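2 protein chains.
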Amino acid sequence: MSGQRKIVLYIATSLDGYIATKDDSLEWLFKVEGDGDNGYSEFLETVDTILIGRRTYDWVMDYEKGNFPYKNKKCYVFSKTLSGKNENVEFVNEDIAGFAKKIKETEGKNIWIVGGGELLHFFIKERLVDEFIITIAPTLIGSGIPLFKENNFELELELKNIRRFNQFVELHYVLK
Amino acid sequence: MSGQRKIVLYIATSLDGYIATKDDSLEWLFKVEGDGDNGYSEFLETVDTILIGRRTYDWVMDYEKGNFPYKNKKCYVFSKTLSGKNENVEFVNEDIAGFAKKIKETEGKNIWIVGGGELLHFFIKERLVDEFIITIAPTLIGSGIPLFKENNFELELELKNIRRFNQFVELHYVLK
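Here the protein sequences line up with chains A and B, keeping their order. Under our numbering, the letters of the first sequence match residues 3 to 178, in that order. Under our numbering, the letters of the second sequence match residues 3 to 178, in that order.
Don't take each hint at face value.
One copy or any two copies: either way a pair holds, since identical chains are not told apart in the list.
[To be verified] Below, in silico cross-link-like pairs of lysine to aspartate or glutamate (EDC-like), each with a Cα-Cα straight-line distance of 20 Å or less:
#, residue 1, residue 2
1, Lys151, Asp25
2, Lys24, Glu156
3, Lys162, Glu172
4, Lys178, Glu29
Note that these hints are calculated values from the structure, not bench results. All figures in this text were calculated on a predicted structure; none of them were measured in a lab.
Next comes chain A alone, as it looks inside the complex:
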């Protein structure tokens, strides 16, 4: 259905395909010279809902020193153990694919699938990601958490747009 809201993967990766080092560091990313906020606030305007894994949620809260960064968005945190909600987020421990499909049927702007790695892999594998906006840093970090995990299927995308933010390249693909 073409008018349906989209689930969008929006993430930065090293040129060798890692979204973070093995110990969750983004230091390599933060030292790259970008341009302004590299399109981040513009992207944020296109979404009103955020999907995030529990471990990544903890990382973000820790990194932001407890200041929830997506205050004006509906934020769902997938967790195997937590349920209910707090002032910022709602915990979801039902079937992830079913939840994602259900939420896409509701009215709204696009939905940002933030991460982490395991959640992204699940969404990609299940063809739940409609658009991929990947910002590539000009750095080989050698090892880390891969954006794309080894898989046994092929996925064809269509290149929608390219943007350059100084040393960053943003590639925007849609699922074919």
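Please arrange chain B on chain A, whose structure you already have, making use of the hints.
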């Protein structure tokens, strides 16, 4: 030395970072809609020397049905077992890093390091690659021969140029 000829990695990769499937297939690549020859002949004009691994050389000769595709270039094939030359190529079984450094000191255009995977990894690891021209296909192939192998070092590059060839994106980096 700024006037020195450069060793250039020029290669196509899937969006998930593979240069070929595990059984050396490029079918996923050939079916992507590009634009003309996607800058290939233009690139070829910038090099007069080609470095290639023996297994990749065999693959190319097989793929081209014995018609050597780089006839007007000086072509070195790294091999542990072969030496001497034939009408098209010269086999090299001396120390690879030493050979690469020596050839960079001679006069000429740039030098294309073609592949395959193992040779590329060695050149990258030894900081022998001066420029990276990577053409990204809009496809996740799931597994295969990685362009960048897992490593224990970081390499910072500088983004020089971006070009789009229909569904392909060409990213051009130089070693910092």
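Hints and how they fare:
no.: 1; hint: Lys151 to Asp25; verdict: both (17 Å within a copy, 19 Å between copies)
no.: 2; hint: Lys24 to Glu156; verdict: between (26 Å within a copy, 13 Å between copies)
no.: 3; hint: Lys162 to Glu172; verdict: both (11 Å within a copy, 15 Å between copies)
no.: 4; hint: Lys178 to Glu29; verdict: between (34 Å within a copy, 18 Å between copies)
This entry satisfies every hint, going by the numbered hints stated previously.
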